[in-house]
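Chains as they are written, first to last, in the numbering used here: chain C, 62 to 432; chain H, 12 to 557; chain G, 72 to 402; chain E, 4 to 325.
Treat each hint with caution, since some may be false.
[Stated by the list, open to error] Derived BS3-like pairs: lysine-lysine, alpha-carbon spacing no greater than 25 Å straight-line:
#: 1; chain 1: H; residue 1: K93; chain 2: C; residue 2: K309
#: 2; chain 1: H; residue 1: K48; chain 2: H; residue 2: K82
#: 3; chain 1: C; residue 1: K422; chain 2: H; residue 2: K82
#: 4; chain 1: H; residue 1: K35; chain 2: H; residue 2: K93
#: 5; chain 1: H; residue 1: K352; chain 2: C; residue 2: K196
#: 6; chain 1: C; residue 1: K196; chain 2: H; residue 2: K295
#: 7; chain 1: H; residue 1: K295; chain 2: E; residue 2: K286
#: 8; chain 1: H; residue 1: K426; chain 2: C; residue 2: K301
#: 9; chain 1: G; residue 1: K317; chain 2: G; residue 2: K240
#: 10; chain 1: H; residue 1: K82; chain 2: H; residue 2: K94
For the record, the hints were derived by calculation from the structure and aren't laboratory data.
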Amino acid sequence: MDVMPKWAEVILVPLISLLLAAILSALVILGIGEDPVAAVKLMVTGALGSTYGWGYTLYYATNFIFTGLAVSIAFHARLFNIGGEGQAMLGGLGVAIACLYIPWPHWSMALVGAAVMAGLFGAVWAAIPAWLQAKRGSHIVITTIMFNFIAAALLNYVLVNLMRPKGSMDPATARFPEAVNLPTLHDILAPFGIAFSKSAPANVSFLVAIAACFVLWVLIWRTRLGYEIRAYGHSESAAKYAGISPFKIIMITMIISGALAGMMAINNVMGEAERLVLNSTEGAGFIGIAVALMGRSHPLGVFISAILFGFLYQGGAELALWTTIPRELIVVIQALVILFTGALDNMVRMPLERIFLALRKRNAKAAEGSK
Amino acid sequence: MSADKILGQPEAAVPFAEPAIELKGISKAFGPVQANKDISIRVMPGTIHGIIGENGAGKSTLMSILYGFYKADKGEIFISGKKTDIPDSQAAIAAGIGMVFQHFKLVENFTVLENIILGAEDGWKLKPSLAKARRSLVELAEDYGLNVDPDALIQDIGVGMQQRVEILKALYRQADILILDEPTGVLTPAEADQLFLILGRLRSEGKTIILITHKLREIMETTDTVSVMRRGEMTATVKTSETSPAELAELMVGRKVLLRVDKEPSAPGDVILDVKGLRVIDDKGVERLRGIDLQVRAGEILGIAGVAGNGQSELLEVLGGYEDGTGEVTVNGQNLDLTGKYSDGKSRRARGIAHVPEDRQREGLIMDFHAWENTAFGYHDDPGYRSGVLMNNNAIREDTTEKMARFDVRPPDPKLEAKNFSGGNQQKIVLAREIERNPDLLLIGQPTRGVDIGAIEFIHQQIVALRDQGKAILLVSVELEEILALSDRIAVMFDGRVMGERTPADTNEKELGLLMAGITDTDVPHSVAEIEANLAHVTGDASKEV
Amino acid sequence: MTLMTKFMGAAAAVALSAGAALAEPALIFDLGGKFDKSFNEAAFGGAQRWAEETGGTFREIELQSEAQREQALRRFAEAGANPIVMTGFAFGDILNQVAPDYPETDFAIIDMVVDQPNVRSVVFNEHEGSYLVGMMAAMASESNTVGFIGGMDIPLIRKFACGYAQGVKAVNADATVIANMTGTTPSAWNDPVKGSELTKAQISQGADVVYAAAGGTGVGVLQTAADEGILSVGVDSNQNHLHPGKVLTSMMKRVDNAVYQAMTDGPGMEKGFNVMGIANGGVGYAMDENNAELVSTDMLTAVDAAAAKIADGSLAVHDYMSDDSCPALSF
Amino acid sequence: MDYMTLIQLLDSTVRLATPLLLACLAGLFSERAGIFDIGLEGKMLAAAFFSAAVASLSGSVWIGLAAGIGASMALSIVHGVASITFRGNQLISGVAINFLAAGITVLIAQSWFRQGGRTPSLMGGGRFEAITLPGAEAIADVPIIGPLYSELISGHSILVYMAFAAVPLTWWLLYRTRFGLRLRAVGENPAAVDTAGVSVVGLRYAAVAICGVLCGIAGAYLSTALQAGFVKDMSAGRGFIALAALIFAKWRPWYALYSTLLFGLFGALETRPDVIESLIGIKMQGQLLGALPYIMTVIILAGFGGKAIPPRAGGEPYVKER
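Chain C on its own, in the form it takes in the complex:
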């Protein structure tokens, strides 16, 4: 019998873990001689106090939804994809190729085309480590880390030697044509009479990300493929017994995972920068890990924690802008979230289980007593 009720498992445990991470983060802020309350206030006003702040928060959140979903689906198959960063970089390359070399008549078609290319490139970059894991038994954690480095080198080569406009010193592509510029939330909401900051980068990709959450939910819990992925994740030996091919599951799962990570590029490359620069991913692939862990690999949880991380990111940027607190504070908070919701999970769960057990025993005794 389960020791804890489901709600405690799904909501209480991550919430307490998050709280612990928050307390520790506050201590860190204190430790570097700043005021955590003031810092939080600044972050909240900066990230949520205006449509401008929301625009950035949602922009970052869009990135994290994609990478969070990418990590989540891999988790369902018990695969740890640390390569979201590299896959997103390659996705950016796909977007840049789609946007620069194909004359799209309208942004909507460009969006579809770019998303396909981004997904394709990301998928390829995930498929190689997947194949190595499935066929050669190379540990996917280390190969995906290596592929992040290799992706950076590859992107660097392409940008510096192939795609950089002549005479430009930036390792970046030319600007994408006007026709492929995605409408921002400002453009989308204006017809409805809602004023949204014009300068914030949140764009139509946010809606694509929401759609991706829904599609992934259906995939994982409503399709046979999802069933097979989960079965494989829970027990490889049982999956083999059932005739579920581990090779197929590893490949398909990682391809979906890589495609999702790659599709992040429609947001940051196509929606925001409108050109491909080096390091356009800014660590979003790694944050996906924290997002997935906190969201318990459930699309809804991923959505919520992506918004939270979007807030942290935008708030952190504001901190860096207006105070001397470096942006790395966010990296620390992110680390603490991963540590507490991921690795130190049992630290919260074990005492909670004891509490629930004691409660139940008391209830049982009370029930006996009343008889």
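Position chains H, G and E against the provided structure of chain C, taking the given hints into account.
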């Protein structure tokens, strides 16, 4: 060989001696599960004391507490009359207790010698410790007839040898009390006899032995006294000479038990499964099946007997479709792919082969899935479970509710996760899933391992009923009693080969035991030494030969 | 500044960003960071000089990532900072997008030309300054082999290398110039470990003077040169003091002056395109007490003569960026 | 390629291999005890920062080294608490530690020194200086052996010699002592250790602590011997390369030496494109050269360098079976 012959007579009990072990009021809970409830027990020195009970009755937990592996929630332990605290294994060892676990606690890629000194080294430098251990190993081998090669790697020696290493580990630590947990599960009958010979010698040296088992026969043949456990409680402690198997069984289960399966003689029909020259080579390049030939007819149960690890698992796996093999296998006269795309579990099901795997927790079920999800497991492509591209979860749930009712799965809740059912109910879920598909051939491995006696009867009845419907059944079990009770024909496997076929009527446990040890009728050994020589040969790792 | 005032200031800034203007100048440093002992630090020095002289204050931010560029520009513009000065070519593309959105704000960009009505672009003739230090390196070298270590492999840095090589060859046509780039990404500006290994590699090839045009990476180059007992040439700021007696000279690129000037001119400053060369004191070499003993009068005479010729146009140093090629060095 | 170029290349190899070797041995202790550690990178980084920071503040590199080891140990303890005491996922814990180190080093650096996340340059006693071995200058001019001794063998910092000495020491500890026997056993079958009356938790913490010490030295080497100060992210993926080298070395001390030297050689070659060009006749792309260690790692992991069998209990928290 009768028990008396093997063991000799117990030492005359010294009057008023302190018991070697006395447990008083031991209780232990794991989360919501109460594993031991207020258990008390006394074991006199120089005796063999049996503890018998069903799986999950709490035998192993009790002994693990005695060995300091777990800490009791309540209760006291007395060793030789002195109250002793055993917070960890170190304390247990210091108190002279040694334990041989059911699953050996050996480091596979260490030598025998290294395993023996691990934790009992004489100083921080390894060399003198090893030298000393080597010397005492020679003495112990002479004293108790426990010969092992000190420099062999554990992964290269057979299970019987590994068990000796475990016993030597305990003796090297100067244990006076030896606990053995289900020691014969992995042994051939001959190897088991050999073990009891050693135990007898240990007893005559004044050692106290606790033997945990669920096999009535072993209790009757080897112990001086016996305690029975049921659902975490000690139900009785009796002198072995004053009880009977039937009484012990009743004490174990709490009601009268039929020890035999009632079934009509079989009426075999056409050949359903025909296996010719089947070979399997595992990942390490070791040949696990070395040319198997067998046939199973409709309306017949073919039992495969053998000590675990002699290829039965591989036979089931290759027929079930998740291990590649070579050779020729036909089902209903049509060839079965043994490699490639159409040799997976899914294709097998399409061919009318159902499979209840040996290890239901690792293979047959996803422990974290709900019962209804497990009902679809392997059959999730079934048109009845589909609705367009999606799965029809409602249909699956309804189907599950129905199946759970028919197989008396308790609690009958399709939304409960598999891990929350008892072993027997888990097995019923698997059986329901496989049998209800109306297969032509049922592969079934260890159908009652870890299943309570009540459920055993039910499962046996289901298997026999399926046979009576004219289905072919291939049964693999390491429980000889089960093989003898259920099978219409028996094939004995040894070292990847079929050693011979018998019918239950014209064979007995002894003959099967010899076949299981790789000894055919023509060369029945006459002395213990010969058996030993044979065993040493047969238990060596097959990998040495390639 | 105490914690509270800092945060109150910050909160005020956020509040103000909605409406009222904050007529403070702002300085945005490129990815190498404020304390790279080189390019960005020079810019900081200029801003500080302005602050000390006028008693004014300025906002500043060190970028941590590419995406922050636009965000920082817009945030400062919206908060009313004016003028906004930024260092580094990488701002070019983004400034081109952002500047038209804030016509009331003046921008100054260093190392890049941005053609917008409210932008002042400042570029330097680094090849001229590099020529001069190249001459000095060649004269100081005993092995007739000198080294060049660049940061990120971009045309701008090749421009440094090319000017340097021309200067070396002008003194000694047979001298060897070994040129290495640290990398191809912005992280090449900040990799002292690799700078150090490259220096050691060049020393083993015989180099006894090494010129580092590599931002923070140069710190490692200068350190290793000093450790190994050879001479080095600093860049952008005067780096002679980092290892007194071990740094031959520094190629001064007066980014500090450009920043100082932009801040002094303030809102409404003159826009357009400024080229800073030897003629107007934009580039040069550094002399102070730390390197006085290393530089002989002969050297000074020769270099000053060349400088005069460059200033009056009678000596033309080839600019790599004009045609992507270099007569004195192959990449 | 002439002899002196070769010596220079090997000299550079030794320098670049040293942090890898220390981190690789650190990982060896941890993984041999059954605790996977992808947090080597973070521990090195934290140690690099704290050793440089404290050396800069105290003026003594030895106090700096102690601080670096302390910082690395602190992270080791976090990893231990997460993966041993609370039986968490070791990979996730490692990822968290890497992030934690990446963030906290810059945060504290900025708070203490206000130099954009770096420490001030270390001077004099704040650095590990190169050691000239006895007789190095005397025989420097002897052909072949002279340069070999004076350039390649002599002239490194004490930490380099410590790293190389750690190899036989590790071997001896692992295969010739009681501690080593138990350590190896706990990584293969913790239940065997537990039932033999030895504390699994204690052994694993000991292993993780040793891992912390070695990572601490590796980090200190980066910032106080190889360089004269800390810059952000200065570990630059070396922890991951060390991990790959560990797999390549099949978790054995001597092989660890060889494999880290190999990766050190890749790093050294990267600074000598001219040598590569003369060796293979074509100019190699800078990016390809930079990515070479990672590509090699993937190839090695794919088992083209022989199949590596990790410690059997590696990565699994030890739970007493029921």
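Hint check:
1. At most 25 Å may separate the alpha-carbon atoms for a hinted pair to count; K93/H and K309/C exceed this at roughly 62 Å.
2. Between K48/H and K82/H the CA atoms are separated by roughly 14 Å; this keeps the pair inside 25 Å, and the hint holds.
3. Between K422/C and K82/H the alpha-carbon distance is near 21 Å, which keeps this suggested pair within the 25 Å criterion.
4. For the proposed pair K35/H and K93/H, the alpha carbon gap of about 12 Å is at most 25 Å, so the pair holds.
5. For the hint pairing K352/H with K196/C, the CA-to-CA distance comes to about 16 Å; that is within 25 Å, so the pair holds.
6. Note on K196/C and K295/H: the hinted pairing holds, with a Cα-Cα distance of about 15 Å set against a maximum of 25 Å.
7. Proximity of K295/H to K286/E is assessed by CA-CA distance (about 44 Å); at most 25 Å being required, the pair is judged violated.
8. Taken as a hint, the K426/H and K301/C pair is honoured in the structure, with Cα atoms around 24 Å apart against an allowance of 25 Å.
9. Pair hint K317/G plus K240/G holds up; C-alpha atoms about 23 Å apart against a cutoff of 25 Å.
10. Note on K82/H and K94/H: the hinted pairing holds, with a Cα-Cα distance of about 15 Å set against a maximum of 25 Å.
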